[in-house]
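Given next are the chains, with one letter for each unit.
Protein chains: 2
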Amino acid sequence: MADIVAAITSVQGVKLLDFSSDASHNRSVVTFVGTPEAVEAAAFAGIARARDLIDMEQHHGEHPRLGATDVVPFVPIAGVTMAECVELARGLGRRVGEELEIPVYLYEEAATRPDRRNLADVRRGEYDGLKATIGTPERVPDFGPAAMHPTAGATVIGARMPLIAFNVNLGTADVGIAKKIAKAVRGSSGGLVYVKALGVMLEEKHVAQVSMNLVNYVKTPIHRVLEMVRREAARYGVAVVETELIGLTPLDAVLDTAAYYMQLPKLGRDQVIEARIWE
Amino acid sequence: MADIVAAITSVQGVKLLDFSSDASHNRSVVTFVGTPEAVEAAAFAGIARARDLIDMEQHHGEHPRLGATDVVPFVPIAGVTMAECVELARGLGRRVGEELEIPVYLYEEAATRPDRRNLADVRRGEYDGLKATIGTPERVPDFGPAAMHPTAGATVIGARMPLIAFNVNLGTADVGIAKKIAKAVRGSSGGLVYVKALGVMLEEKHVAQVSMNLVNYVKTPIHRVLEMVRREAARYGVAVVETELIGLTPLDAVLDTAAYYMQLPKLGRDQVIEARIWE
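If you're matching them up, the sequences are chains C and E in order.
The numbering used here puts the first sequence at residues 5 to 283.
The numbering used here puts the second sequence at residues 5 to 283.
Next comes chain C alone, as it looks inside the complex (with noise of 0.2 Å):
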C-alpha cells in the first residue's frame, strides 16, 4: 500500500489528508486534497501503481469491491463546483478506461443512467458477478474495455458532496429501538432524503446506536438529522446520551450546526478568525 500512496503524494499539488488499511476488511481508503488537475493526475498515479501490484484473482476481504482501485469519488472542498468535479471524473474515467485497459464504470453525480447514480447498484455481484455478466448491455461500461481487467477488475469513478458519518448513542441497549429510529429517519423509508441510517448494538458500550451517513449535509443538515433522531427517541422514552462524527467534517456543516442551536440567523467562514488567516 506504501507504493500507492507514494505514486499520489508524488504529485506536486497534492496533500494527503488521511490514509487508513483494515486487515479484516482488506482494504486500503486514501484521501488527499488539491487543485483538479492535481487531484486527477494523483488518482490516475494512484490506479496504474494499483492495476500493477494488486491481482483480483487472489484478493478476499470482507468489504464490497470491483477491482484493484474499487472506487474513486471527487468531493468539492473550496473553490471548485460539483460540475467541475463531474467532469473530472469523466476525463479520469476516459483515461483509466484507455490507458490502462480497465473497465470504468461512472456513479453519483457523474453517473451517465440512472441506475448507476448508487454505489451498491454498480458494486451488484462484486468482482466475480460482475466479471460473468459485463457482456451483457445492462453493465456495459462507461470507458474502456467490456471485460474486466485480468488482474486489475474494474473501477467505479464519480463526484459527490463530502459525506458525514454521523452515529447517535441511545440510553438503552434495545436495538430494535434504534432499527426503528433508523427506519423513521432515512430516506429509503420516507424520512430524510439525504439519510441513510441502521440501527445497530455498540457490545462495547452496550448501548444502541443509530448509524448513519448524511450524503448531503447542505440539503439535510446535521441539526436536523439529530432532533429528528431526538424526537423519534423521546416516544420511547429514550434519551441521546452522546453523538460521533466519523472521519472528516466539512467546516460549513459545523458552522451551521453552531448556528442552528446558537439561533444565529447565519455564521458564516469570514466570521471564524483562522478561516480568514487561511484562505
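The set of hints was computed from the structure by calculation and includes no laboratory data.
Wrong hints could be hidden among the right ones.
The list treats identical chains as interchangeable, and a pair is accepted whether it falls inside one copy or across any two copies.
In silico DSBU-like pairs for lysine-lysine, Cα to Cα no more than 30 Å straight-line [said to hold, decoys possible]:
hint	residue 1	residue 2
1	K209	K270
2	K187	K209
3	K135	K183
4	K270	K184
5	K183	K19
6	K270	K183
7	K223	K200
8	K187	K223
9	K19	K223
10	K187	K135
11	K184	K200
12	K184	K135
13	K200	K183
As the structure is a prediction and not an experimental result, all values here were calculated from the model.
Given the structure of chain C, go ahead and fit chain E onto it with the hints provided.
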C-alpha cells in the same frame, strides 16, 4: 488612516484581517495577523506613523482614549502561547517607550501591577486626566518618559485572549428584563467570571438585548453563557429570539459550541476538512 494601515501592512509576513473606522467615535481599529516578529514590527510601524499623524491636543471623539495609538492587544491564535504574547507586548512596550518616547502602560496578561490588568482602570481620566496625573507614583508608566508625548499622548499595550462579542436578543421590548439578565450572568455581579454584560434596547428591532463580551471562551464557553441567559429569561416568560456574533470568532469556540449541542464528547480541528487542509 490609510497611511497607518499602509505602514502596518508594509511589513513582510503580516496579513490584514480587518480595518474599521468610526466617525462619531473618531477611532479606527486595525486587526492583523502574522508571525510574532512580523506582528511586533508591524505594530511598531503603526504606532510610529500614528505618532507623526495624530495630535491629541486637537483630537476629539466619543470613545475613551489615552493617545494617538490607544491600545495594542496581542492575541494568541495558533502556534503561539499567551506567555509568548506577554513577552511580545513587553518587548514592544520597551521599544515604544525608548525609541518613540511615548509612555506605555502594560495591561491584562502583560500587566505588571494588578491595578493595571483592567483596561478601563488604565484609561481612567482619559487623555486629559492622565496628562494631569502622570507624574504621580500611582501612574508612572511601565516604559518611556513619565510625561505625555506632546502630540501622541500615551499608549496601552498588552496581551489577552481573543474576545467574543456575543449578543442575545430577547422576545420583549422591556429593557429592564435584559438588564436583570445581564446582571445575573456577568462576573462583576456574581455570574460567570469571564462574562461582561449589559442590558440595552435595540431601537431598530424594538427588542431588548443582552450585550456581552466573553473574555475567555475556554473557561467560560459560549453555550454555558447562552443557556444561562435562556434560563434567566425563562423566569420572565421571555424567549431568546436571535443571537449575534460581532466581528471574528475563534474556530475552537465554534467547534466547542457545536460539540456541546450535538452531544459530541469532543470536536477537534483535526476532524474538520478545511482545518486539515489549511494547517
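Going down the list of hints, with the structure as the test:
1. K209 <-> K270: between (36 Å within a copy, 17 Å between copies)
2. K187 <-> K209: within (22 Å within a copy, 43 Å between copies)
3. K135 <-> K183: Cα proximity of K135 and K183: none, with 35 Å in one copy and 74 Å across.
4. K270 <-> K184: Between copies only: 27 Å across, 33 Å inside.
5. K183 <-> K19: Intra 39 Å, inter 51 Å, cutoff 30 Å: neither.
6. K270 <-> K183: between (34 Å within a copy, 26 Å between copies)
7. K223 <-> K200: Classified as within: same-chain Cα gap 14 Å, cross-chain 37 Å, threshold 30 Å.
8. K187 <-> K223: within (19 Å within a copy, 40 Å between copies)
9. K19 <-> K223: within (29 Å within a copy, 35 Å between copies)
10. K187 <-> K135: Answer is neither: 34 Å inside a copy and 73 Å across each miss the 30 Å cutoff.
11. K184 <-> K200: within (13 Å within a copy, 46 Å between copies)
12. K184 <-> K135: neither (37 Å within a copy, 74 Å between copies)
13. K200 <-> K183: Intra 12 Å, inter 47 Å, cutoff 30 Å: intra-copy only.
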